[in-house]
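J.: Sequence:
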Amino acid sequence: MGWVRVTGATVGCWLAFYNPSMSLDLPGTGPRPTFPSSSDMPLLAGLNTEQRAAVTLPAEPALILAGAGSGKTRVLTTRIAWLLQTGQISPGGLLAVTFTNKAAREMMTRLQSMLPVNVRGMWIGTFHGLCNRLLRAHHKTAGLPQTFQILDTQDQQSAIKRLCKQFNVDEERFPPKQLQWFIGGCKEDGLRPGDVQAHDPDTRKKVELYQLYEEQCQREGVVDFGELLLRSYELLRDHAPVREHYQRRFRHILIDEFQDTNKLQYAWIKLLAGQGASHENAVFAVGDDDQSIYAFRGARVGNMADFVREFHVQHQIKLEQNYRSYSNILDSANALISHNKHRLGKNLRTEQGAGEPVRVVESSSDFAEAQWLIDEIKQLIRDDSSAAPGRLKQASAPLGGSEDTPVPSVGANIARKEMAVLYRSNAQSRVIETALFNSGIPYKVYGGLRFFERAEIKHALAYLRLLENPNDDTSFLRVVNFPPRGIGARSIEQLQDAARAANQGAGSSLHAAVNAMSGKAGANLSAFVAKIDVLREQTQGLTLREIIELVLEHSGLVEHYRAEREGADRIENLEELVTAAESFVSIEGFGRDAEATAAAENAAPDADGEVLSPLAAFLTHAALEAGDNQAQDGQDAVQLMTVHASKGLEFDVVFITGLEEGLFPHENSLSDFDGLEEERRLMYVAITRARKRLYLSLAQTRMLHGQTRYHIRSRFLDELPEETLKWVTPRNQGFGSGFTPQNSYGPGRGNGAGGGAWNSGWANASRSDSAYGRDTGSSLSSSKVVEQAQEAATGLRIGMSVFHNKFGEGKVLTLEGSGDDARAQINFPRHGVKWLALSVAKLTVV
DNA sequence: GGCGAGCGAATTTTT
DNA sequence: TTCGCTCGCC
Numbered sequence: 001m002g003w004v005r006v007t008g009a010t011v012g013c014w015l016a017f018y019n020p021s022m023s024l025d026l027p028g029t030g031p032r033p034t035f036p037s038s039s040d041m042p043l044l045a046g047l048n049t050e051q052r053a054a055v056t057l058p059a060e061p062a063l064i065l066a067g068a069g070s071g072k073t074r075v076l077t078t079r080i081a082w083l084l085q086t087g088q089i090s091p092g093g094l095l096a097v098t099f100t101n102k103a104a105r106e107m108m109t110r111l112q113s114m115l116p117v118n119v120r121g122m123w124i125g126t127f128h129g130l131c132n133r134l135l136r137a138h139h140k141t142a143g144l145p146q147t148f149q150i151l152d153t154q155d156q157q158s159a160i161k162r163l164c165k166q167f168n169v170d171e172e173r174f175p176p177k178q179l180q181w182f183i184g185g186c187k188e189d190g191l192r193p194g195d196v197q198a199h200d201p202d203t204r205k206k207v208e209l210y211q212l213y214e215e216q217c218q219r220e221g222v223v224d225f226g227e228l229l230l231r232s233y234e235l236l237r238d239h240a241p242v243r244e245h246y247q248r249r250f251r252h253i254l255i256d257e258f259q260d261t262n263k264l265q266y267a268w269i270k271l272l273a274g275q276g277a278s279h280e281n282a283v284f285a286v287g288d289d290d291q292s293i294y295a296f297r298g299a300r301v302g303n304m305a306d307f308v309r310e311f312h313v314q315h316q317i318k319l320e321q322n323y324r325s326y327s328n329i330l331d332s333a334n335a336l337i338s339h340n341k342h343r344l345g346k347n348l349r350t351e352q353g354a355g356e357p358v359r360v361v362e363s364s365s366d367f368a369e370a371q372w373l374i375d376e377i378k379q380l381i382r383d384d385s386s387a388a389p390g391r392l393k394q395a396s397a398p399l400g401g402s403e404d405t406p407v408p409s410v411g412a413n414i415a416r417k418e419m420a421v422l423y424r425s426n427a428q429s430r431v432i433e434t435a436l437f438n439s440g441i442p443y444k445v446y447g448g449l450r451f452f453e454r455a456e457i458k459h460a461l462a463y464l465r466l467l468e469n470p471n472d473d474t475s476f477l478r479v480v481n482f483p484p485r486g487i488g489a490r491s492i493e494q495l496q497d498a499a500r501a502a503n504q505g506a507g508s509s510l511h512a513a514v515n516a517m518s519g520k521a522g523a524n525l526s527a528f529v530a531k532i533d534v535l536r537e538q539t540q541g542l543t544l545r546e547i548i549e550l551v552l553e554h555s556g557l558v559e560h561y562r563a564e565r566e567g568a569d570r571i572e573n574l575e576e577l578v579t580a581a582e583s584f585v586s587i588e589g590f591g592r593d594a595e596a597t598a599a600a601e602n603a604a605p606d607a608d609g610e611v612l613s614p615l616a617a618f619l620t621h622a623a624l625e626a627g628d629n630q631a632q633d634g635q636d637a638v639q640l641m642t643v644h645a646s647k648g649l650e651f652d653v654v655f656i657t658g659l660e661e662g663l664f665p666h667e668n669s670l671s672d673f674d675g676l677e678e679e680r681r682l683m684y685v686a687i688t689r690a691r692k693r694l695y696l697s698l699a700q701t702r703m704l705h706g707q708t709r710y711h712i713r714s715r716f717l718d719e720l721p722e723e724t725l726k727w728v729t730p731r732n733q734g735f736g737s738g739f740t741p742q743n744s745y746g747p748g749r750g751n752g753a754g755g756g757a758w759n760s761g762w763a764n765a766s767r768s769d770s771a772y773g774r775d776t777g778s779s780l781s782s783s784k785v786v787e788q789a790q791e792a793a794t795g796l797r798i799g800m801s802v803f804h805n806k807f808g809e810g811k812v813l814t815l816e817g818s819g820d821d822a823r824a825q826i827n828f829p830r831h832g833v834k835w836l837a838l839s840v841a842k843l844t845v846v
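According to full-length UniProt numbering, the first sequence is numbered sequentially starting from 1.
No wet-lab data here; the hints were simulated from the structure. It should be emphasised that the depicted structure is a prediction, and the values quoted were computed from it without experimental measurement. There could be a bad hint or two in this list.
Beta-carbon label-pair distances, calculated as ranges [as the list claims (entries may be wrong)]:
hint, residue 1, residue 2, range
1, 185, 628, 27 to 33 Å
2, 211, 154, 21 to 27 Å
3, 427, 538, 45 to 51 Å
4, 248, 531, 45 to 51 Å
5, 185, 278, 32 to 38 Å
Derived DSSO-like pairs: lysine-lysine, alpha-carbon spacing no greater than 30 Å straight-line [as the list claims (entries may be wrong)]:
hint, residue 1, residue 2
6, 531, 520
7, 140, 270
8, 417, 102
No residue lacks a Cβ here, since even glycine has one placed at the ideal position from N, Cα and C.
Could you build the full structure based on these sequences and the hints that come with them?
T.: Structure representation (structure tokens):
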């Protein structure tokens, strides 16, 4: 069965992220029914043995190791539904945590389709969403203003930059980026400035800045993402009544993607679960250590093992039955991941047949790779009527069979949106995009700016935030002179000085400091502040929509963009903001509902009883959910994304591109063992996205940072079992042999059995270049001349494989000089890139 | 205050 | 190569 994919429709569940409307049924106060035997329950129909076991586990800590495509989300949601239906828990008594809003939404949508339950009241959401909810309900206890604003990463960076300027920090020595990373890291480890061990001057300085940053945030009434978690962790840790209330309440805690939790998140869960306390709530953790690909941002796979140990987990269930892919694909994935040392151990299996072999294609360049991709995609889209002989229609016969038997071919009639082109890094998409664009194939790239991250939207939000919280200096600075109103850097500097000096040196917000300003600067600033203050008054009692419309008009934003040449899109987005607010309100039903909601929430001890205004709620929503990357879905388009972005998705056809050493695995990750293992897990994720057909592709040369780079093929290709692969282009040993781009794949391709076979060699470089409307011919040939000269002088060629006594086999990357001065840059897979003087080094051509 | 030259950096990313 | 940021000039 397919996955329910929720796209675009962000409706229905916003409330759960910021505004509680839980029912008051606490565990223990509800009925305590007897459980029907599991086989009677329609909920459980269609689950396999392991899935069913997981769903119906008793209320004890459990770890579900859920392989790719094993029905993880289904198990999680069915578990919740089962707990509810069997009366073991009331909707208010469970907590379900996900990493993304999308996952939370999907869970709620599915849950709703299983049970007639009001998911809006349930505590299902992201870590950040739930922490926000806790902090809003207990803002006084947590030491925050009720209307605290949330800084996203951009805001945080500008806040740090501002701080650095103010304290004359040398930004060369302490780049704001690095400080941001440092602060985030401390918070993730649960460390306040006073807790950080600093043994060197640099660290001491950073800690000092961390301290100052905290003070700044506190003064301004803003919290960053890390703070949301840490503050809520501390709230629970330091306030027993609050902690005990929630511990009593959340008898079941379910966590999705457990392998992605960081240290603080795990600690938070332990607190809520009452781990180590007299009674423990049932933590149901679902995850896959093989799909842990976020160590770089703090995820700790080790949490899985810690969880098993610390919670004395008795129930570990592996979901290894895969419902997605054919076995050639799964066997490849299994074989690859078996090269990792640190694993909990798991092997995917399928009842579908072998399916097609995994196709491997080597091209001469990234351009040729893109061109090949286009041709292949065209072939796949093509209607059956024009399909080449040997290509079968989509399988209707029983699936399976070896490579020899007719295989369920996906050779034709594949929807574009069922094809995904994956790459390791975003930079790789460019060439592919250009090629797709020129060939007129619709495509959609994931990544990039999201709706609420767009400059014009952030400007509008800044005005709105100032209405809610005039002390928000980040927002103040963002719009004080946007649209331009004659307030330059000098005025702002003066204002900042005044703010610092205010309150006997304790400092004040910029907004408050405006009074102290005089002269022309003072007049302009006063006018701005007055505008904000008037707007605040004018918007009293208005609906959210009216507030935003008023602000857009009076801020001058719309007017400003109207005068701009390319402002039309921005105005459109601003209009979209009104629409977003509108639907936000209509879905949340602000008003009666919110009152009731707050009342319910305040059942918690020490809860602070105000209702969040619709505007404040909307601003929170905007910060916690940045919105879709690209709104125009609905169109049938080829999907382009990084491997990271593909996690959790699946497609009939998957192209994994750029399988070259240095790219995938990425060179930056090669220095340490863990890095390489994470790259391998990344590759594992990529492979397991494919349902029916998988292509692995690599290019011998690639434009990177404006230079042509030579790569050898990824070690991952060599880690795949030969019998599941089909090398569509000849498999070279190493590299080098026959590096002559004269070969063309010519007109006769695409006629092989099983489809996609291709005659020989690589795409003709000039041909593919012309397809992009670029003429790189001259530069190609001139560099070729140089190459040839060097070849003659050294006896080596770029791309050639050579053998060195100490370093082993390597590939020639660069040649320089001639005669005794001749040297070569050689990439040795085991020893890295070396420069060798050819008069000294003994090299043998392989 | 706006614009253009010049410089440096350039995995992966959600909240 | 290309993007984003800073700096300096008009």
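J.: Evaluate each hint against the coordinates.
T.: These are the hints, each one checked on the structure:
1. 185 / 628: 27 to 33 Å: holds, 29 Å
2. 211 / 154: 21 to 27 Å: Since residue 211 and residue 154 have Cβ atoms about 23 Å apart, the given range 21 to 27 Å holds.
3. 427 / 538: 45 to 51 Å: For residue 427 and residue 538 the Cβ distance comes to about 47 Å; the hint holds.
4. 248 / 531: 45 to 51 Å: About 49 Å separates the Cβ atoms of residue 248 and residue 531, which means 45 to 51 Å holds.
5. 185 / 278: 32 to 38 Å: holds, 34 Å
6. 531 / 520: holds, 17 Å
7. 140 / 270: holds, 24 Å
8. 417 / 102: With a Cα-Cα distance of about 19 Å, the restraint between residue 417 and residue 102 holds, given a limit of 30 Å.
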